[in-house]
Amino acid sequence: MSEHSKTDVRVRIGPVEFKNPVFLASGICGYGEEYSPLMDIQKLGGIVTKTITPRPRKGNPPPRIHEIPTGALNSIGLENVGLDAYVAEKLPKLAKEKIDVIVSVAAEHIEEFDSIAETFAPLDGYKGVELNLSCPNVEEKALDHGRNPAFVEKLTRVVKNRLVDKAVLVKITPNVTDIGSVARAAEAGGADGISAINTVLGVDFDLATGKPVFFRGSGGYSGPGILPIALQKVWEVSRAVSIPIMGIGGISSVDDARKFFVAGASAVQIGTSLWQDLELPQRIVSEFEQHPEWMKKGEVKT
Amino acid sequence: MIGNTHVTVPGSVPPGRFSSKLLEKRDLSDRYYLLVMSRPPAFDDPGPGTFVHLLVPDGGRFFLRRPFSILGCDEATISLLIVEKGTGTQILRRIPEGTELDFIGPLGSSFPQMPGRTVLAVGGGVGLAPLYFYGTRAVRDDCDRYRLLYGARTRDDLFLDSFEWSVEGIAFATDDGSYGFSGNVVELADEELTRAPADVVFSCGPTPMLEALVELARSRGVPHCVSLENRMACGVGACRSCVVPVSIDGAESYRTVCKDGPVFDAEIIVWNELPRV
Ligand SMILES: Cc1cc2nc3c(=O)[nH]c(=O)nc-3n(C[C@H](O)[C@H](O)[C@H](O)COP(=O)(O)OP(=O)(O)OC[C@H]3O[C@@H](n4cnc5c(N)ncnc54)[C@H](O)[C@@H]3O)c2cc1C
Ligand SMILES: Cc1cc2nc3c(=O)[nH]c(=O)nc-3n(C[C@H](O)[C@H](O)[C@H](O)COP(=O)(O)O)c2cc1C
Ligand code: FES
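Chains A and B, in that order, are what the protein sequence lines are.
Residues in the first sequence are numbered consecutively from 1, following this note's numbering.
Residues in the second sequence are numbered consecutively from 1, following this note's numbering.
Heads up, a few of these hints could be off.
What the hints assert, rightly or not - Derived CB-CB ranges, DEER-like:
hint, chain 1, residue 1, chain 2, residue 2, range
1, A, Glu287, B, Ala171, 53 to 61 Å
2, A, Glu89, B, His6, 50 to 58 Å
3, B, Glu84, A, Gln282, 31 to 39 Å
No wet-lab data here; the hints were simulated from the structure.
C-beta: ideal position from N, C-alpha, C; glycine also.
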């Protein structure tokens, strides 16, 4: 890095440019406000806020978190404040703090996605949306949609048509046999980028009761243990599409983040490891500013 | 049942992120130990009931941070009272003095100030920490009279020889009768309330003890503030991992133990749906 100029680590996703390629993943940073006393969120590429749904959701009964030596299983169940409260209370606060926001949304029917997009179309204070088609902690139906390429294509088109000047990302589930076909469907529908991956379906049993640790049975596995799965999926997606990919899953070091770029990603999101290491996102930004060549996709430099 | 009386709990303040040195580590008994760390200058004055979310150092595996209530805090130090439960608290017991500890805090709500009132505080096991902290401050003007009842399994867990108990008006109960009141600390609380009424009950400890106290406080018509535990991830109210069920004016929802709690008005908790941690 030259001494007088700050290196350029901007990343473009569709019509939108972000200041650097490091984001906080949905569900980790809430609606931003919880972490603002603890870190300079403004300095990150942005945050993906907790997935919101058309109406508020109460979420799953506790326990909701279960630690294992390689990460955690969660069963939050998309607890969120709902679309109206998000637009009225959360988004304006984020805009005031100059945090770059990607709004994560989920719904069951195409009509609901359409009406969410209609609500956001005239609003300011966010740079993009991420369609969460991949949460394992809700009804099977919603998740099945995310596995169905025809549905994914149609839904992406409906949303993109309303949000022409925003980045529209589709977050896909790793819990499919052919992730490439789902990613291709999103691209065909006009998606500006793919976010991969959401949590991996997992379960643990309590030997004292012989029952799953969560009421709902299975949960979502995240953290360092899913890194190779996430890299594999991003690698597959990068061979299937030409739009930018946000690599997510198990990042706990700068090198982990670099590996996603090798696999074909253009940006990364940090999730579970933030619970331990609050400096990790900023450290990745700083190191990438020193080594902008790391952002070259698929590059293996020795 | 006389009635469900409510009490207001002071909310959480924005926390900070710190690294500080472990100054002293002292075994108090077989299972209990004390950690004293240096207090970073920017660490806000913590309310009694607040906690720190501590990174387990040298875990060599993925570890969620572990929440510990503040036992004491002066200008130079923050102290924690810890009971060995599993791997995390075993590692913390082994780390050498001088180790840098990474933590977030102070987190969560506190036990309220009760000027001019009488408080009966009931702690079971490691639930002693926040109530002891309150007691060491109550000599100022937090409340008019503070009685603290501490229940443990045996005399050994009262660490009478290894800890300078510097709180007035404390009474002990042991399950095996080896010291103080013989029996359950809730039975002792019942006797105490009969002997001299209190304006409010504070409690922290194992869930069955808290449930018994809810019954007791209700039967006496005394408001009750309780400190709850739950498994935590972020510690700051962002991930919604640590929720407990509450019912407010008939509407059921979830509140986070890390940010809305850990201290709650006992009357809003839906006790029969509380997770067992
Ligand atoms: C707000 C709050 C304040 C706390 N204050 C203190 C304190 O002052 N001193 C203290 O010693 N402990 C305190 N705890 C409990 C402490 O956080 C746990 O005992 C600790 O995290 C266990 O970690 P571990 O790795 O040793 O045990 P693990 O290996 O994680 O678990 C071992 C066993 O402990 C149980 N356990 C784990 N976490 C909890 C928990 N949060 N509550 C109850 N049981 C648990 C597990 O169910 C398991 O059976 C507090 C908890 C909360 C939520
Ligand atoms: C507690 C928790 C809540 C989550 N909530 C959401 C969510 O609301 N929407 C979403 O798209 N992903 C959600 N995720 C998935 C993460 O955004 C991310 O895709 C996943 O955890 C993998 O990354 P990691 O291993 O770095 O955590 C959640 C993950 C966790 C651990
Ligand atoms: S631990 Fe994340 S909300 Fe309480």
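These are the hints, each one checked on the structure:
With their beta carbons about 57 Å apart, glutamate 287 of chain A and alanine 171 of chain B fall inside the hinted range of 53 to 61 Å. In this structure the hint that glutamate 89 of chain A and histidine 6 of chain B lie 50 to 58 Å apart at CB is violated, the actual value being about 26 Å. For the hinted restraint 31 to 39 Å between glutamate 84 of chain B and glutamine 282 of chain A, the CB-CB distance of approximately 35 Å keeps it satisfied.
Figure legend: structure checked against the earlier numbered hints; the only hint not met is number 2.
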